[in-house]
Every structure is written in structure tokens, then in C-alpha cells.
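Chains as they are written, first to last, in the working numbering: chain A, 51 to 151; chain B, 11 to 119; chain C, 21 to 544; chain D, 62 to 758.
FYI, nobody ran anything at the bench for these hints, they're computed from the structure. Mixed in with the good hints there might be a few duds.
[As the list claims (entries may be wrong)] With the C-beta cut set under 8 Å, the calculated list includes, among others, these residues of chain B facing chain A:
#, residue
1, 25
2, 26
3, 29
4, 30
5, 37
6, 48
7, 49
8, 53
9, 88
[As the list claims (entries may be wrong)] Computed Cβ-Cβ distance ranges for the label pairs, DEER-style:
#, chain 1, residue 1, chain 2, residue 2, range
10, D, 302, C, 227, 38 to 44 Å
11, D, 738, A, 148, 20 to 26 Å
12, A, 148, B, 16, 54 to 60 Å
13, B, 27, D, 738, 44 to 50 Å
14, C, 76, D, 609, 29 to 35 Å
15, C, 485, D, 71, 28 to 34 Å
16, D, 609, C, 228, 53 to 59 Å
17, C, 25, D, 679, 54 to 60 Å
18, C, 232, A, 148, 54 to 60 Å
Just so we're clear, the structure is a prediction, and the values are computed from it rather than from any experiment. Even glycine gets a Cβ: it sits at the ideal position worked out from N, Cα and C.
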Amino acid sequence: MAVPVQYYLVLSAAIFCIGLFGILTRRNALMFLMSVELMLNAANINFVAFSFQHGNLTGQVFSLFTMALAAAEVAVGIGIVLVLYRNFADVDVTKATTLRW
Amino acid sequence: MTTRPRLNTGRQQVIGILAIGLFAVLSAVFLTSSFGEAAGFPGGGSITAAIGYAMFDLDAGAFPSEGFLVSFMVIAVALDAALDVAVMLGQREDEEGVAADGRGERGDR
Amino acid sequence: MMIEALIGLCLLGAGVVMFTPDRYAAKVAFGWSLLPLALSGLMLLNFDGTGNALLGGTLAFEEQFTWITLGPYDLSWHVGLDGISMPLVALSTLLTSLAILSAWTPITKRQNQFYGLVLLLEASLVGVFAALDFFLYFVFWEAVLIPMYFLVGIWGGARRKYAAIKFFVYTNIASLVLFIGFFGLVFGLGDSISSLDLPEIAQALRAGELGSLAGGLIGPELLALSAFVAMFIGFGVKVPIVPFHTWLPDAHVEAPTPISVLLAGVLLKMGTYALLRFNFTMLPEVARSLAVPIAALAVISVIYGALLALGQSDLKRVVAYSSVSSMGYVILGLVAYTSYGLGGATFQMVSHGLISGLMFACVGVIYNVTHTREIGDMAGIAERMPLTVGAFVAGAFAYAGLPLMAGFAAEFFIFVGAFQSTVIAGNGMAVMTALAMFGIVIVAGYLLWAMQRSLFGPFEFDGDYDVTRAARHDVVPLVVLIIVIIALGTFPDDTFFRMITDAVGPLVDGGPAEAAIGSGGGSS
Amino acid sequence: MAAEGGIFTFAPAIAVLPFVSFLIALSAGRYMPKKGAFAGIAATGGSLLLSLLMVAQVASGHAHHMELYTWVGGEGVPFELTFGILLDQLSTLMLVIVSTIAFLVHVFSLGYMNDEGEPGLPRYYAELGLFTASMLAFVFSDNILMAFMFFELVGLCSYLLIGFWFRRSGPPSAAKKAFLVTRFGDYFFLIGVVGIFATFGTGMFGGPGVEESFPVLAEEAMSAMAAGEAMPEAVTTFFGLSPGAWFGVLGLLVLGGVMGKSAQFPFHTWLPDAMEGPTPVSALIHAATMVAAGVYLVARMYGFYALLPTLLAIIAFVGGFTALFAATMGVVKDEIKQVLAYSTISQYGYIMLGLGGGGYVAGVFHLTTHAFFKALLFLGAGSVIIAMHHNEDMWEMGGLKDRMPVTYYAFLSGSLALAGIVPFSGFWSKDEVLYETLVHGLGGSPILLGAYLMGIVAVFFTGFYTFRMVLLTFHGDPRSDLAEDPEPVRWNVKIPLAILGTLAAVVGVINLVPVHAVVGAVPEFLHDWLFHGPETLNGAHYEELTEQFAGYSAGAIPGLGGLGTLFASAGVSLAVALAGSALALGLYRGPDPAEHTEKLGALKTVLYNNYYQDEYQVWLAQDLTEGTVAGTAKRFDDGVVDGLVNRVSDVSLVSGYFLRRVQTGIVSNYAALITLGLVVLLVAFGIMGGWFGGVFA
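The shape of chain A in the complex, shown without the other chains:
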């Protein structure tokens, strides 16, 4: 018997909150990116869960696209981390505070 969709939602909520916690606390830029990845994947779980729920493949195909996008996002993210490092000699996110009024 198929697992009821609520549990998938709970799972994705859990992963989402972990990712969220990661973003809020981690100071290292790379860890930051990882947490973002986690949150993205939490969303993918939902997609697949509901795709199964509705019997329509759109969810699954779309989650593929989100993964591709996540990849692009990470590529750019790491590029930025590189430049961050080059300018601030340190990848600590809380140090680079010059981009403000």
C-alpha cells in the first residue's frame, strides 16, 4: 500500500528546516550553499510526492529541472565564494559587510 503523502511532506519539512537552520547559523559560505541545496531538495521531495499522489509525471520532470537549476546556482555560488575569498581573504559570510548604506 503506498505510503500516504503526508509523511513525504513531513520528511521534506524536516529537511527544509534542517537546511534553514544551516543557513541561519553557518558562517562558512560553502556550508551556506550546502544548506541551500538541502532546502531545494526538500522541495523536490514534495514534487515527487505529489506527482505520485496525482498520478501525473509533471512533478517528477519538474524536479529534474530544479536540480539542473540548483546545479547552475551552485556553480555561480561557488564562483562568488571564490571571489569572496579573493577579496576578503576569508569565506566567512558575516565578515563581508561592505555592501550596505
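Starting from the known structure of chain A, arrange chains B, C and D on it as the hints suggest.
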């Protein structure tokens, strides 16, 4: 060397509780809501083939799906752009005096 | 077709002048500005409008075609002139060409942009006075602000930035308030109107079809009252009425003289014209119920404005504050709701436009030579600049309401109209008028004071400029304005007053005091 | 229109001619030989001729009213405002006076201004022309609005002419003071005009062919009230006042303008300063014509004033008090023109006294004689000033009698007339004023006796300062080398003086009341002249009104009867005048008169400072209104109202300053904010949407 993870108290604890709180709220919502019977994918059709057809908007697959041809093209362009951006960001100006250890010029602080 | 030609001519002129090289810009601009002047003269000659535009009068040069349909309302390009707006259009075209002529000397940098913006301003001014659809009206209303902001902000005096921003923000907030007020009415009318056409809205409102808003939360009376107050404040800032007047002196002092001629001459009239069109035509009962506070505000504007002018030491601020005082008279005339009162108020709009234009031009011509406007810095200018000082004296006496000049005619009509108005019980208006009339003493006081200290007496001037006769083309606008002022003062009826009273007639209902005396009494 | 076209079609030319001379002098004055003087002389001469023609025409039986043009009409307005001409006995008489004196003053100006080589003459003659035009237009205007308009235009011309020598600092400030004080009076007058239009719907004085005039309406209203019926429908009073009270208020308001222009008690301070203007201007404007405009207006609407006893009493008292008040101040003045200025104020007090005391003919008679002899005195002073090279101090003159015979004899005849010595015109008119006041005082309203008393005391001072002036200027030894050989004056000064000299002596003959009482054959020309005319505008009608409404009836000194009172009052006024003159003769005769003002002690300083009237009025205008009130208004406006606007802009600045803090630059803060936003939204939707199983809403 790595540091042994410690349960970090203080600000992070608050955020931790917040995150757990959010999880509690979300799961409370999800659990108390009823979604009805899952339709699933009956029959023996191959899901991955249907995904492949949906990807190119051919709707010959066993299961219903929307067409993603346009988004396929768009994501291709996006990925290519991301690649170029990454390369551009990664590039160091050639004439820049680079310290031995690979750090940038400003890295010698 | 004529109004579109007039606005088109100005816009085209703006475009043409923008691209003429600076050396010829002044002459081309003045030459071009004569075309709209001639056209408005032509329109004045064969003006055939009768009655009030908003209350079913037949309009002159009326054009209407639907433009945009916005939900239930279809917005149309609806323009037309009646007895009230025709004189104001003529006034704005005349003052613009004279302002351009008087800008030849002071404006020395980026002339083509200056004259382009002035012609743009003229186009939107004519638009404001001719528009009869609220959407169109509001577009022109805002379109006036933009060139004005740049004209004050770029070619102005020392604190021009502050003045320009203050002017712009102040007026814009006012426009917002009036917009909310008006749309309160529009929504209150609900489906009894199908367009934003002012005549249609006015007639609907006067027929009492105003519903309530927000599900009965705001009843019709409260809605009418709050819309009236919102529109009164919105237009009051433009007039300006006393508590909202502080942008005027700054804008005037910092604006280059030709622009303060236009600012005082025409822009202030947009406020009073709008008050007459919106507040006093559409919501007469509310206006009557609020007669005491409005009349009190008018009297305060007159006396307080005059007292402030008495205390100033800069010639331009003196004239600026006296504009506040003269506009107080207009408000008194409007609230009186008698044909002399309303007619006098509209006539005062035109006459004050000419007279304050003349005064600012004189101050400007003196400023071109002495480069100072401080009364204390100069004395005995009359010896060196007889013609300009002669014009200044004529302007000062026109301002003080010397008979056979437009000022006296307008003020006398307002006084007679307001004295016998029954808007406030127990001849309250008679008391208000008597108080307001004291303004003519203070006006004479500070104008003569300023003249005596700065223009007469032995010549002494410590600035390092040599004070010589003004250039001929500077004096021409002064002479033209004096002639027009005298013509309006001695023949008010043949020039504008008959046209105005005909347009204002329907507004005046046969009040008891009026019917008892009047043989005719244009009761609607 | 009553009279046939004929002569009357030229009536407007009386005012238009000087206006044309104004335009000519203004535009082409520079190129004309005498800088525009001839244009002025020709114009005023033409006006004089036309006025005489009008007098002849009116004398032949009927006055004339003609409408020039409608200022404002049409069916849109409740009542029409028009310009028209009313030629009746009173206005033609005044036209003749004004144009005669204007003509003579123009001729005199040739000597006074042209020969002295004054700059800016075209402007001078232009302003004189404009003044004459507006004065004549004021005189023959047929409604109170037109009268008010030219009343103010005359004020403007006086401002321009007083400030003619604007290069010096004195004249412009005197001109400004003159205009402001008269403007203050005109403020009340304007309220009166507006009130009259609001009350009666018309401002017409009356005259042939005029169906509705406000004095007649007022009369109907008053008689209706007296008879107890309802008010006529055309009249609406204000503030619930009864017609009598409301008309009293209107009369008082118009009186404000009259007192301002005719320099009566509280508004007199501008006239002595107006002497800063050229002397021919003082002669024309501040002696004969403009100052007469106020009292002429009272005479013009006498039908309205005659209904109100309180108003007449106020006019009489203001007149009497001003006569005494100004005469006392004239006693101590050192400059010749100052003495004449104060004497003008006091003589106009007499005219007001006459009008207030019910003596309509007396007031007009004194107005006529005073115009001539005061203009003569001013022109005489002008010729003395020419001789003394503009030094006006009497203590540096003396002994001019034998050096300037023509001026002396003309001046003497004027002074005798002013003092009121028998054969001269001043005696007849001033005596009739005092007689009428006495008679009406003894008759219906005893209150007039107080005014009569003040008038009599003033006669004493008038005699005193007149002869003090004559003796100091012309008699005794010359007290300065200028007085030794004064500059000779040419014909254009002497001829006007001669003409006016004879007129001052002779003009009394037009109304010899005492002589007529004794010898019936000698007619009282002026009395008969003013008692005919349009039926609501003649002396007889006014007499009935004053009797019927104001309760003025002719009484007599008990025991002397009518004729006895007449001669008694004539004798008293003559005796008092002679006493005053004798005192002056006694004190100032002899070659080297001493200045006797020390004897006055403390009173001297008070009189020198004109009872400190100037000081408190200047304080009122300068320190109070401009200094404190306007100053505080300016500070209040800049500080509070403008401050408020700036505070509102500060609010946005300050709030911007704090909101800025949110952007810390740290990425995780932004993430925290986003999540916070998400959570709040989620919870909100949750509650709204009932996700929590209806736990909440």
C-alpha cells in the same frame, strides 16, 4: 584539523528551536490535513520513458504529463550561462601579481 | 478643434524651441508664443459659450471623443470653454508670451531648454483650464508640475533646489489628497455615472445621487463632507490658503522672474479655478454648511498674508505674500454664492494674474540691473530707472485697488457680492467682508513703504553694478500689462465680466437677499 | 433726459479736457515750449468756460442728468453699476470753483515751477492735469460708486504731487503718509459704499430722470418707520437694525472717508506734512479742491444726512472741535505754509460745522469763499517763497510790504477774508455758518450750542494767527539779507494773485444774509441759487428734511427776536475776530517783534508738537503694525507654519535614518528576515484558512 562538533548554545540554540518550531508547525499542518487516496501510476508503463517523452513534449508516454520542451531549452541556456559566469568569476587577472600560495594580491594581509 | 490647435501649437513650439540654438532661442520662442496668443484672442472674439460648463451650459469649441475605457468608466478627451475658463486661457497665453519676452535679459544659460519648458507649461496650463474629464484634468494638473519643477530647480536663485523640491512635494501630496477626495465621490456615485466626465458627475451630485461607501460605513453626508474637505485642502495648497502657503514665498524668491510671473499669474489660478469647478459647483450644500470656516479662512488669508508682506524685507517676498492676500479675496467671493461674489472672484483671478505678473516683472527688471531685491540695499532707484519705477508705481496702485484698474473692479464686486450674501445667518458675511476689506489699507501700507524705502529718496546703491535705464524689451511687457489692467478696470463688462456672470449664473440660486434687490438675478 | 441735448452734450468734456492735457503732457511734454504748461492752461481754461456755460444752462431752470456708460450691467447681476453726470446747482457751482482755481494755479505754476527751472516738469503738468480731470469728474459724478472711484484717484494724484520732488527723502514719506491716512478713511468709506449698494440696490444721488436714488429711498424708509408701516421692499437693513440706526452706521462709515480726505480731527495729521509738495500743488489740492472733496460729498448726499440727527450732531461737533483744535496749533507755527495748513484744517472744520448745524447754504457758501481766499493765501505764500528762495521761515522775513506790493495787498485781502473782517468774503460766510449753528442750537437741538461755542473761540485764534502771519512776513524790518532784496516775481505770479485778491474781497456779495434781512432789495444769490434745482436735491427740500427728521427748527436768542439774533451773532463774531487780530497787532507790531511763545510755557511744547497726534499715529502705523505685529507674524510664519512643513520632511528623513539600520550587510540576517516573513505569512494563512483544524478562527 576538524573540531569536534559541540552542541552550540547561545544564538544558534534559539534558531535551532525556531527551526524545530517551524518543523512542528509544518508537520502539524500536514498531518492534520487529508489528501485522499494516492492515484499512483497504475499499469505497467515505464515511468522513465514517459518522463523522457514529457521532456520533449511528445506525449507518447504511458502516463499524462505536461510538455517541458521550452523549459528544456531554457534550462540549457541557463546552465550554459552559469558555466560562463563561473568561469568568468574564477578567472584571475593575468597581470595580477600572485603570491606563491595562490592567494590573490590582496590576500597577504 | 481650436483648443486642440492651441495645445498642439504650444507643444510643437516646445519641441521646435528645444532644438533651436541658444542664440536664437529667445527670439524664436517669443515669436512662436505669439501664435497661441493670437489664437486665444481669436477664440475670445468669437466665443459663443453660454451658461456653466458643468451645469448644462453650451460650451465653446467643445470636443469629445472616448479615449480609454477603464472598467465601468470610459475616459474621454473632453475639452470645452465656458465663461469662467475662457478668460483664464486668454490670461495664460498673454502672460506666457510676456514672460518669455521678459526672460530675454535674465536667462543666459540653456535658453532653448528654458523656453521649451515654458511652452510646455503653457500647453498644460491651457489643458487644465479646458479639460472637462477628470482623467484628462488630472493629467494636465500633474503635467504643470514637471516643467515648473525644472524651471525653478535649474534656473532659480541660491536655494532653488530646496524651493523646487518643496514646491513639487507639497503640491504632489495635495494632488494625492484631492485625488482621494474626488474618487471618494466617484465611487460614492456608484453606477449612476458611467464616465469621469465632470459635467455628468456634477449634475449627478447636485441631483443628490451620492450613495454611501464601504458598505454604509460612510454615509452620503459624511462622504460629501470629507470629499469636500479633502478637495478643499488639495486645491487650497495650490491657491494657496493660509496654513498651506509656505511653499509660495520660497518658490517665488528662488524662481527666475519670468517664472514667478507665470507662477503667480496663472498657477495660483488653477487652485481657485478648481475650487470653483469642483467644490463650489458640485457640492453647494456642503459649501454652504461650511461657509463660516471657509469665510474665516479667507479673511485670515487676507489679513495674515498682508501682515506677512508688511514684515518682509525682500521685494519678491512682499509681492509673493500679497498674492496670498489677494487669493483670500477670491475665496471670500466664492463662498458668498452671489452673482457679484462669484463673478468678482473669477474676475479677481484674471486681474490678480495680470497685476502680480506686472509687479513681478517690475521687480525682475530692477533685479536685472541691481542684482538685489533687498529693500534696504537700494534707494532712489526712481532717479535712474524712471520708466520701470513708473510701472512699479502703477502696479503697486493697481494692487492696492486703485479705481479704474482691474484690481478695484474685482475687489469691489467681491465686496458687494459678499456683503449681501446670506450664506452665513445674521449678516455674518457682512462682518467678514468688512474685516477682509481692511486688507486694502495694509496692502497700500506695505507697498508704499517698500516703494518709498527702495525707489524714492536720494539715490544710493552700494552694489557694484551701474544702475541704468532698463532695456526697451524689458519695459514692453510692463506697458502692455498696464494697458490691459486699465482696460479691464474701466470696461469690466465688455472685456470679461459679462461672460463670467453668465457662466456663474446657474451656480447662484436666487438667495432671498439677492432676489429682494435684484431685478434680474440670474437664478438657475 | 430732462434738458435737451444742446450744451449738455459737452458736459463730459469738462473732465475729458484736463485728461487730454494729462496725456499730452505725459507723452509730448518734453518737446513743448513750457513743458506741457500750455496744454494744462488751455484745458483748465476750457473746463472753466464749459462750467460757466453749464451754470448758465442750469440757471435757466433745469438741472441735467446723463448716463455715460454702464460699468457693469447685464442680466447676470442683481443691479447695474453705471457712470453718469449730474449737473445741478451744487455741482455746477463746485465745477466753476475747481476749474477757476485750477486755471489760476496752472498759470501760477509757470512762475513757480518753470521760472525756477525745476526738472521733471512734464510729469508735474501731467499729474496736475490728471488731478483736475479726476476732481472735476468727482464733482459731477451722479452715483456714490463713481464718486468713490474719483475720490481715490484724487488721492493718488495728491500722492504723486506731494512726492513730486522724490529725490529728497522728505516728500516721498509725506506723500506716503498722506495716501495712507486718507486710505484709512477711504476704507470706512468703501464699506459705506458697499453697504449703501447692499441696502438700497442703487448708489444714485438723484437728479432729473433718475427713478431710484438712495437718499429718497432712505427718506421713504424713515417716513414709513415713523408712520409704523413696514419698510419699503427695496430697502434691506443689516444686523437687524432699524432703518434709522443702520442708516446712521452707513452715514458714519461714509463720514470716515470724508474726515480722511478733508483732514478733520483724527485724520488731519497728513495735511501739514503735505506741504512738502510744491506750493501751487498745496494751493490747488490742499486748500481749495481735494480737501473740499470730503465736505462736498456730505453736501452732495445731504438728503441722506438730513434724516439722521445724531449724524448731523457728530458732523457739527467734529467740525467745531477741529476748527478750534487746528486754530490753536496754527498760533505757534514758524513756517508760513504750516500756518496756512493748520488754518485750512480749521476752516474745513467750520464748513463741517455749517453742514452739521443744518446750514446747508452756509456750508457751501463758506466752501466757496474759503476756496478762493485760501488759494490766494497759498499762492501769496508761494510768491513769498519764490522771493525768499524757498526759505519758508517767517522769522527770517519781514518788511516785504514795500518790496512786493502786489503780493502784499493780495495777501492782506486774503488774510482779512480768512480772519473774517467785515467787508471781506470770509466774514459773511463764517458768520452765516455760526449764525445757522446758533439759530438751530437755540431752536430744536441745543447740543449744537457746544459746537457753536468752539466755533466762536476758534474765530479768536484765527484772527490772531492770521495777523501774526501777516505782520511777521510783511511788516517790520527785514530780518535777513534775503528779505532785504527779495527776488522780483513776474506777471504769471502777480496776475493770479490780483484776480484772487479781488475775488476774496468780492465773493462775499453772493450771499449777504444780514444785508438782505435789512434791505430786501439786496438779493441772497447763493441762497436762491441753491434753493432751486431738482426736487430732491435742493436746499428747500433739505430744510424740510432737517426739520421733519432731525428736529432742526430756527430758534432765537430770547428777547431779541429773529433779526436781533442775526445781528447779535454777526456782531459777536466780528468783535471776537477783531479782538484776536488786535492781540496779534499788539504783540507783533513794530520793527523787530519778539517771539512771545515763551509766555505759553509748557503749552508751547504741546502746541509745537501738535498735541503729539503725529507721534501716536506714527507709532500706531510704524512700531505697532509694522514692527511688532508684522514682525511677530513673520517670525510665526517662518517658525511655526514653515517649521511644521520642514518638520514633516524631517520625519521622513529621520525614519529613513533608522530604517536604514535593517540593512546590516550580513547575509544571514537577511535570510533570518526572509524566514521570519515566511513564518508569519504561513501562520497568517493558516489561521485565515483554518489549516489548524479550526483551532483558532
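Hints not upheld, ascending by number
8, 12, 13, 14 and 15
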